[in-house]
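**Q** Sequence:
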Amino acid sequence: MSADAQTGLDRARAVAAAIPERGLFAGTEWRIAPRAFPISPVLAAKLETLGPQLLAFYRACNLLYRFSVRGTLPRWIADYLDAGKPPALIEASRHNRFKAVVPRIIRPDILLQDTGTAAATQFKITELDSVPGGIGLTAWLNHTYSTLGAAVIGGARGMQDGFRQILCAESPTAGAIAQIVVSEEAATYRPEMDWIARQVTTEQLRVSAITPEELSLGDDTRPDVVYRFFELFDMANVPNSTALLDAACAGKTAVTPPFKPQLEEKMLFAFFWHTALKSFWRQELGEKVFAALQQVIPYTWILDPTPLPPHAVIPELGIHDWREMARFSQKQRELVIKISGFDANAWGARSVTVGHDVSAAEWAAAIEHALGSFPSKPYILQRFHRSRVTETEWADLERNQLQPMRGRARLCPYYFVTGDDARLGGVLATVCPQDKKILHGMTDAIMVPCAVTSPPPSAA
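Quick note: the sequence shown, position 393, residue 393 per my numbering, numbers continuous.
One should not assume that every hint holds.
Unchecked claim - Taking CB as the label site, the calculated pair distances span:
#	residue 1	residue 2	range
1	Gly372	Gly286	37 to 43 Å
2	Asp421	Pro239	32 to 38 Å
3	Gln294	Glu184	38 to 44 Å
Claimed, not checked - Straight line, CA to CA, 30 Å or less: simulated DSSO-like cross-link-like pairs of lysine-lysine:
#	residue 1	residue 2
4	Lys252	Lys85
5	Lys85	Lys99
6	Lys278	Lys46
7	Lys278	Lys377
8	Lys99	Lys377
Just so you know, these hints were derived from the structure itself, not from any lab. This structure is a prediction, so every number in the text was calculated from the model and none was measured. By construction, the Cβ of each residue, glycine as well, lies at the ideal position given by its N, Cα and C atoms.
All chains, full assembly: derive it from the sequences and hints.
**A** Put into structure tokens, the structure is as follows:
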């Protein structure tokens, strides 16, 4: 065994030994990499600037919905975003107290691309997650790999500091109490939330992770701030969630992410590409940010079965009816169908159909299912962008050897929003085996923090 391989195994053993006694994900393991995932200085710089751009996008989406409700913009925008939501939640989301509020943690799912030139766009954003898992995991990975000498993005405590700052921004009172409310549906993530709660607790801010049943909202017991780690579609199954919503509306407890289901819909990407809304986006984002996001947001459509006028065609596809896609060739089927949001199947890969990866019959069935689910559960169609293949390795500690792996990487940067700043706290890389079309956490995936590679020395 080479000295380099032995060093890699030693690093991986140190990572494995540092895993908290209670773990980070309940019943879940991942492959341990001997080194941080390297990204170029150019990509790292783009990820730094992406945070403020996505904050601007969220704020524009918030205005888009408000203007639609008000009648300044077409009503169909709000109708799409409200589809399938309980009236009480819709009403609460429009509360004047929340009118300018957006999620305080922004996490895009990013696929690296083959571009050929360093100046070209290097990635695509498949979706945004405003109630993201992996916060504690990424914080722990950054800390652990930093102790082994890696210059991880965000530094050893970037995630912890960012998380603490957003909680303090919601409740700046000294000695504030913050609680991370983790639902039963999200219980897999409870260990990582327990871990980060312990890490960010200080005399000025006491943080704990609790179940919804443990949440107390009495005058003497209510927390100052709640980090909502449950999905809004699941509120009927989350004890005390309605009482928490009432407390938020009354200004008694600050809650982030806010009770705004319209900001958690994947169809927001479809509005971004809608020709009739181009002037809105240019005005609210500015030309520079609008142009930058056009490079990274994939073209997206809402799968609405409403018949078109005889002379009309669907933009970019050149078809008159969505069902015509059933006759597309495999090459033409480089498209993805998935539910827009507000449903148990909206997270992970539960509702995803990759067109060129299934048979023509399965593709036709997916189209019919999506159209049949409208309007109560809208689906979207999105262009498929293949992630580039990367060469990496992981440590098989049972066999005492490093295993090479060709895989495709998904990057998840975590941005923490305070005021007008969206600061990058860390970047989690999930490297899945090359044959996987859908990239997400799995037992045969490598999960590792990102670090910037050193640029080559300048010529003398």
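**Q** State for each hint whether it applies.
**A** How the hints compare with the structure:
The hinted window of 37 to 43 Å between Gly372 and Gly286 holds, with their beta carbons roughly 40 Å apart. At about 35 Å, the CB distance of Asp421 to Pro239 agrees with the hint of 32 to 38 Å. Restraint check, Gln294 to Glu184: a C-beta distance of roughly 40 Å satisfies the suggested window 38 to 44 Å. A hinted pair counts as satisfied when its Cα atoms are at most 30 Å apart, and Lys252 with Lys85 qualifies at roughly 25 Å.
Taking the CA atoms of Lys85 and Lys99, the gap is near 18 Å; set against the 30 Å cutoff, the hint holds. Only pairs whose Cα atoms come within 30 Å are accepted, and Lys278 paired with Lys46 is accepted, the gap being roughly 24 Å. A threshold of 30 Å between alpha carbons decides the hint, and for Lys278 with Lys377 the separation of about 26 Å falls inside it, so the pair holds. Between Lys99 and Lys377 the CA atoms are separated by roughly 25 Å; this keeps the pair inside 30 Å, and the hint holds.
Every hint from the earlier list agrees with this structure, and none is contradicted.
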